[in-house]
Amino acid sequence: MRALEVDQLDVDLGGRPVLRDIRLHLDRGELVGLLGPNGAGKTTLLRAILALTRTRAGRVLVEGKPSRPGRSEIGYVPQRHEFTWDFPISVEHAVMSGRTGRLGLLRRPGVTDWRAVGDALDRVHLTELRRRPVGELSGGQRQRVLVARALALAPRILLLDEPFTGLDMPTQELLGQLFTSLAGEEHAVLMTTHDLVAAVDTCTRLVLLNGRVIADGHPADLQDAELWTKTFGVSETSPLLKLVRAT
Amino acid sequence: MSITDFLTDLLNPDLAFLPKALAIAVMSSIVCGVVGCYVVLRGMAFIGDAVAHAVFPGIAVAFVLQGSLILGGAVAGVATALLIAIFAQNRRVKEDSIIGVFLVGAFALGIVIISQAPGYAGSLQQFLFGSITGIPDRDLYLVGGAGLVILGLVLALHKEFVAVCLDREMSRSMGLAVFWLDIVLYVLVTLAVVISLQTIGNILVLALLITPAAAARLLTDRLGVMMLLAPVIGGASATVGLYLSWSYDTPVGGTIVLVATAVFLAAWLVAPRHGVLTKRWRRPSGQEPVDVTRPARLSDLAHPQDPSPAVR
Ligand SMILES: Nc1ncnc2c1ncn2[C@@H]1O[C@H](COP(=O)(O)OP(=O)(O)OP(=O)(O)O)[C@@H](O)[C@H]1O
Ligand SMILES: [Mg+2]
Numbered sequence: 001m002r003a004l005e006v007d008q009l010d011v012d013l014g015g016r017p018v019l020r021d022i023r024l025h026l027d028r029g030e031l032v033g034l035l036g037p038n039g040a041g042k043t044t045l046l047r048a049i050l051a052l053t054r055t056r057a058g059r060v061l062v063e064g065k066p067s068r069p070g071r072s073e074i075g076y077v078p079q080r081h082e083f084t085w086d087f088p089i090s091v092e093h094a095v096m097s098g099r100t101g102r103l104g105l106l107r108r109p110g111v112t113d114w115r116a117v118g119d120a121l122d123r124v125h126l127t128e129l130r131r132r133p134v135g136e137l138s139g140g141q142r143q144r145v146l147v148a149r150a151l152a153l154a155p156r157i158l159l160l161d162e163p164f165t166g167l168d169m170p171t172q173e174l175l176g177q178l179f180t181s182l183a184g185e186e187h188a189v190l191m192t193t194h195d196l197v198a199a200v201d202t203c204t205r206l207v208l209l210n211g212r213v214i215a216d217g218h219p220a221d222l223q224d225a226e227l228w229t230k231t232f233g234v235s236e237t238s239p240l241l242k243l244v245r246a247t
Numbered sequence: 001m002s003i004t005d006f007l008t009d010l011l012n013p014d015l016a017f018l019p020k021a022l023a024i025a026v027m028s029s030i031v032c033g034v035v036g037c038y039v040v041l042r043g044m045a046f047i048g049d050a051v052a053h054a055v056f057p058g059i060a061v062a063f064v065l066q067g068s069l070i071l072g073g074a075v076a077g078v079a080t081a082l083l084i085a086i087f088a089q090n091r092r093v094k095e096d097s098i099i100g101v102f103l104v105g106a107f108a109l110g111i112v113i114i115s116q117a118p119g120y121a122g123s124l125q126q127f128l129f130g131s132i133t134g135i136p137d138r139d140l141y142l143v144g145g146a147g148l149v150i151l152g153l154v155l156a157l158h159k160e161f162v163a164v165c166l167d168r169e170m171s172r173s174m175g176l177a178v179f180w181l182d183i184v185l186y187v188l189v190t191l192a193v194v195i196s197l198q199t200i201g202n203i204l205v206l207a208l209l210i211t212p213a214a215a216a217r218l219l220t221d222r223l224g225v226m227m228l229l230a231p232v233i234g235g236a237s238a239t240v241g242l243y244l245s246w247s248y249d250t251p252v253g254g255t256i257v258l259v260a261t262a263v264f265l266a267a268w269l270v271a272p273r274h275g276v277l278t279k280r281w282r283r284p285s286g287q288e289p290v291d292v293t294r295p296a297r298l299s300d301l302a303h304p305q306d307p308s309p310a311v312r
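Residue numbers (our numbering), protein chains in the order written: chain X, 1 to 247; chain F, 1 to 312.
Because the hints were derived from the structure by calculation, they are not lab data. Keep in mind it's a predicted model, so treat the numbers as computed, not measured. Each hint should be verified, as a subset may be incorrect.
Said to hold, decoys possible - Only some residues are given here: those of chain F computed to face chain X with a beta carbon under 7 Å:
1. Leu166
2. Asp167
3. Glu169
4. Met170
5. Met174
6. Arg222
Stated by the list, open to error - Coverage of chain X stretches by chain F, computed from C-beta distances (three or more under 8 Å per stretch; other residues unrestricted):
7. 22-28
8. 92-106
9. 190-204
The beta-carbon is built from N, C-alpha and C at its ideal position, and this holds for glycine as well.
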């Protein structure tokens with residue numbers, strides 16, 4: 001059974017077609033990079049996978065069953081700006097907030113919940129800062145809080161929206177290694193990114209998206225310049241192509 | 001007037017309205033302080049304002065029909081809160097415009113209704129600026145009961161409210177009913193406003209919701225502490241405000257709000273970590289917290305011991 005299967009998915013937003021005929025699958029042990037220009041529909045695809053947006057046609061299967069919100073198989077790391085960083089909350093409680101849905105109404109976090117939070121903080125190397133207010137963290141530390149919040153559910157599938165944006169090299173490397181080792185532990189990881197170097201370097205497979213899936217394959221198999229010019233709408237002389245050829 | 005005189009007056013059976021007013025003022029400011037924390041943290045002060053105005057037609061109808069002002073206000077306020085929540089789902093008109101439309105419309109309706117009642121000028125002033133006389137016993141129980149229900153709901157749904165406040169997108173993906181949680185929160189804000197109208201008055205009630213919570217936010221980075229401090233600041237402001245108002249014969253609502261505002265200003269100046277003066281005093285002594293925008297890993301090594309205690 002596939003961790004994730006998207007079949008002939010169509011999504012409209014505001015009456016305009018955004019995604020058409022998306023076919024995509026994700027297996028355990030894979031770390032897949034979703035690449036595409038601004039407005040390509042990357043975030044929309046992640047939201048459709050999470051059943052957060054209405055779809056026009058097609059279906060999304062998560063471990064064989066139709067997707068719906070609140071399934072703890074999937075961990076979601078939204079873009080950093082979705083989070084209210086000036087909220088008076090400590091790192092560990094922000095991470096615990098990821099378990100709110102799982103806990104259910106009227107239940108308070110117990111030993112198991114705190115252990116899950118502790119493990120998640122360990123994985124992103126934030127244990128030392130667990131009591132610090134989230135407003136006093138750097139961008140990279142914030143990104144790690146969001147990853148830890150998703151990991152606190154111990155999900156088998158992880159969806160990340162631009163986890164590398166605005167991060168320095170050491171933090172990118174730390175997160176990249178984390179995603180790689182999660183994939184190594186039989187997780188299925190799907191992340192959007194604008195960072196081609198990091199994507200080519202860390203991902204086991206790349207999906208090029210621009211309204212529809214333009215290419216899907218191992219980084220080494222995506223050397224054809226036309227795929228990239230088609231996806232990103234850049235000219236033959238774009239530095240992007242040099243980057244692709246170099247890798 | 002000395003504090004002893006105030007206490008004597010409180011116990012004087014001829015002045016039975018005074019302890020009643022005090023009880024209502026303190027209870028409602030405690031409730032407003034707690035609920036106000038969400039309002040401040042979510043930046044929904046405008047919604048509080050809208051609801052405060054929207055309860056006016058309900059109060060006017062209740063006044064004309066000689067019914068309970070609190071019930072009348074609650075019905076109108078909750079109806080408006082629901083309308084705002086539903087209309088706000090349509091993203092073509094922004095939430096603040098919708099609130100603006102309802103806010104003024106409802107207030108206009110209230111003024112038209114109350115102008116139909118004979119001798120409305122005096123009551124109008126009472127609605128707008130609050131009063132400590134003429135509170136029926138029934139209202140005392142109504143405020144107490146409503147206050148307990150509100151605090152109970154806050155306690156029950158706190159975890160969910162925090163999650164939605166932090167990150168709506170993530171909350172949806174966790175399967176939380178974000179829309180319904182919004183509605184419950186709007187209704188709680190409405191009820192907190194309604195039970196405070198009696199003493200504070202319609203115009204100033206927003207201050208009871210916002211000012212103590214905002215002052216508490218300045219004093220702490222821990223949500224739990226903030227939600228304890230805000231009602232304490234609110235309750236203390238109500239008590240001190242009522243005392244001052246009784247001593248100097250000033251309008252009670254205005255005096256309470258001025259006391260709360262003074263607390264806010266004091267917090268702004270001398271809050272332990274973020275106060276304007278505190279920072280200035282601290283800088284030369286070299287105790288300024290290390291810049292938090294430095295690279296990630298170095299800081300972790302440099303600060304294995306984090307001084308701030310747990311939130312909540
Ligand atoms: N709420 C909305 N209503 C209408 N159109 C929308 C809405 N949200 C997004 N869109 C449109 O859908 C398209 C895809 O947006 P999406 O956010 O998925 O792109 P993206 O690939 O994530 O882009 P970016 O790299 O900038 O994050 C865009 O053309 C955008 O204009
Ligand atoms: Mg996006």
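Q. Against the structure shown, which of the earlier numbered hints fail to hold, in ascending order?
A. Violated: hints 7 and 9.
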